[in-house]
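Engineer: I would like the entire structure built from these sequences, with the hints used as guidance.
Chains as they are written, first to last, in this note's numbering: chain A, -1 to 465; chain B, 903 to 1373.
Hints are supplied without guarantee of correctness; some may be wrong.
With a cut-off of at most 20 angstroms between alpha-carbon atoms, the simulated EDC-like pairs for lysine to aspartate or glutamate come out as follows [as the list claims (entries may be wrong)]:
1. A:K269 / B:E1139
2. B:K1275 / A:D258
3. B:K1275 / A:E95
4. A:K78 / B:D1270
5. B:K1140 / A:E52
6. A:K53 / B:E1139
7. A:K78 / B:D1238
8. B:K1175 / B:D1164
9. B:K1235 / A:D84
10. B:K1140 / A:E18
11. A:K252 / B:D1238
12. B:K1254 / A:D258
Restraint ranges, calculated between C-beta atoms of paired labels, are given here [said to hold, decoys possible]:
13. A:K231 / B:G1230: 56 to 64 angstroms
14. B:V1232 / A:R230: 43 to 51 angstroms
15. B:E1191 / A:F74: 36 to 44 angstroms
16. A:V159 / B:G1230: 27 to 35 angstroms
Hints were generated in silico from the structure; no laboratory data involved. Each residue gets a CB set at the ideal place from its N, CA and C atoms; glycine is no exception.
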Amino acid sequence: MSEETKVIIGLEIHAYLGTESKLFCSCPTNATMPNTACCPICLGHPGSKPVLNEKAVELGTKVGLALNCTINQDFFFSRKTYFYPDMAMNYQITQYEVPLAQKGIVVLPSGKKVRIRRAHLEWDPAALVHPNGMGKSSYVLIDYNRSGLPLIEIVTEPDLVSPAEAREFMNTLENILNYLHVLRPDTTLKVDCNISINGGNRTEIKNVSGYAAAEKALSFELARQKQELKNRKTIEQHTRAFNADTGMTVELRKKETEDDYGYIFDPDLVKVSLSKDYLEKIKSRMPELPEQKAQRLIKEFGFSNYDARVLCSDFNLGKLFDEMVSRKANALLSARILTRELLAVLNHDALSFNDVIVKPDDLVELVVLIEQGKVSDKNAKQSMINYISGDKSAPSAYLQKNNLLISARINLDEVIAKVIASNGKAVSDYKAGNEKSLNFLAGLVMRETKGTASPQKVQEVLKQKLS
Amino acid sequence: MKREETIAFFVEQAKKDFSIVEKNLAGIIQEIKLCEEKKLNYIEEFDEQDVSKQLAELKKSFQAKDSKYFGKLFGVPVTVKDAICVKGIESKAGSKILQGYKPLFDATVIERARAEGAIILAKTTQDEFGFGTFATNTEKVPKNPFDNERSCGGSSGGAAGFTAFTKNYHLAIGESTGGSIACPASFCGAIGLTPTYGLVSRYGLIDYANSLDKIGSVAKNPEDAALLLEVISGHDEKDSTSLAQRFVKDDATIKRIAIVKDFFDNCDEEVKKVVQKKIKELKKFYEVEEISLPLNAKYALSAYYIIATSEASTNLAKLSGLRYGVQGNVEGKHFDEYFSEIRSKEFSAEAKRRIILGTFARMSGYRDAYYLKAMRVRTKLINEFNSAFKRYDLLLNPTMPVLAPKFEEIEKLSPMQNYAMDLCTVPANLAGLPHISVNAGFSRGLPVGLMAIAPHLQEKRLYSFAKVIEA
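Structural biologist: Quick look at the structure:
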């Protein structure tokens, strides 16, 4: 089989919306002790009735708009019936025929457009707790704190062509959601991954936690399907589970067809009608999204497309930049510190921005030192490495402590004067037009200052003295 | 109707002399015990201690003259259909599978009745989950007070049976999905008032079919039925389908009335005769004409049974022996196996029939042809009613096509014959229209009900009309 494998991937991503109360009752969403945030509604007690949390609709609408979807002004909820011990009512309240939002587009950094089929609201089942691990426990506990938490399910069209591209999409999506401030803090997004190759049947890998795992699951499944075809086996449509420990997918069950869920309109809830005014109000209150912010940075500060996009690729990174600028730090130098120095250290140590504590004031101090020519690039870099992976002291404190600051201009002047006085030949060469001699002289100055001087500054002062 | 027979009169007297409350309650408790002795089966659950506690609290209200003392139902014993949740009192909708379920909360209607000074007396018997026309689909089958060999009607059979049985002041909260208030009211000679869908909160009602369920009143006279509706109606933020309006007892002018010929034609002769006689008397007060509702006559029953069972089959999914109700031995069983075991054992044959019917109607490949089509048909049937109401203030038909049948006759009915008994009550219920069943007279000593249907939110027409009939 020499021809290239054609891969088709579609994703269903479940994200918790950051409301204070659950989707259909007033139980809080932030409880930690098991079964302390539940009521007759999210326990499914006979006689109780759900009432829709309007905040969830607002957050869901924002998601729809940010994904360039059409918002359905009239929508309703349905019952998806299946028996499972984590389902308080043995049906899930979700949206079927008419979702809150549909037909959207997400543009990846590569420029590729991924179509969004729909985004709908639904409530989460309870959590099943296996005390000794899955398949190793003689009993299972149910935590109803999770029952009824508001989820938004975002479904893509099968537009993704590789596990890596799927990852790229998930990162882009998560970034948009972070910019929107709609997610519940400290929760992992869950992904159902659909993949097929060469026009064959698709398999669905259910409930994968997190993007890195989703990419791994897809890569494994892609290799597995290729192997199956190589062995001349046909792939049947079915559902698989991903084991994060082994990195493998295993068959879960033959896929039931969608309609076996026996959807009916949930007759306990009424049709929701969003007025034009309501939608306009939400549109007018939409925060700046990554793409808009990148355009703004390019326009406002003359950033390169690359710098602008890198700064906006993570909400908190972009926020840090804003905070530095608002403290009057030089924008170009701030961007450089973040996109070059900081990200280089993070990449090197395989850390994510959200794993580390970075204070804007610390970085602003560094930017000011660079701007004043009091620190060399090399030492600036060193101070950032120490800040992230060393003793984590502020860059300025680190530089001070290790005598890496060019303490005053006078010292540099003295060093330069000394170098000029004792290198007559190079000086006259330069004056005769040999540019290389300037570099030679600058090198001597750098050596004398133990690298604390800024090379640009040294060149600048040398030129001044020799003119 | 004499004024002395009304609840309003009783409440007035009770506020002057608390012993009237005590005497009435003692009398009605005696009756409950008598019912038990005679196995009349009107009462599903009665907690005497809880009732004594309520009485003691009410006495304090009497002395303190607090808000309950000024309530519209001060000292009135109220029985409640088993499907309506009463905090701490077993509420199982007539089903074995919910044995032991003691709700953590009061239904909104119970809260409202309590706030007006009512005593929540007991739970009344019913068909399991409301699945039936004769209150026979349950363990405790109520017997018609006019003839113990016969059915009270259903599904709110205990409510109507006890209302007819008691000699004391009392109100009954019933519930109708396809006719479960009107039918037993008719068979027991009581007043059954079913409001517009959404006028009374369903919060705390153990669902049969949520888009059809309506809590209403069963009483001895129209004044009492209307009073209870006044108390329990009105917006409730805990029920999304609850309307903004509330019912206020008020008279309405009624000029033109139409008899629905299609429903009338399908009734037994002895029923027709009583109803016809009554209608003749009505011509003194109103213009009476005949009308046909062909779509409703042809499609209402089918659409109703598809929608009701589709919704019911999802409502009952939660009853699986987990968390509340009956529990079984889970040891060594897959959850599917355990759920099936409990459900097979504890649901009645009728509940199973409706679960299977409803699951079928909404499953892949049949959903469009049954469930979705029935939903569209429902809209057409509502429209047919609405156009009739452009010309008429009220529509009339016999409540039930037959006299209260004997239990042995009921046993011989096929499920289809059984469902067909709901012919006259189902259309108004499917359309969410308010309706009332009033006694039109007797045949062979058995009561015959006349049913009036009003446009949405025109309950006051039913109240005014019922007063004329009873006069």
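Engineer: Need the list of violated hint numbers for this structure, in ascending order.
Structural biologist: The structure breaks hints 13 and 16; every other hint is satisfied.
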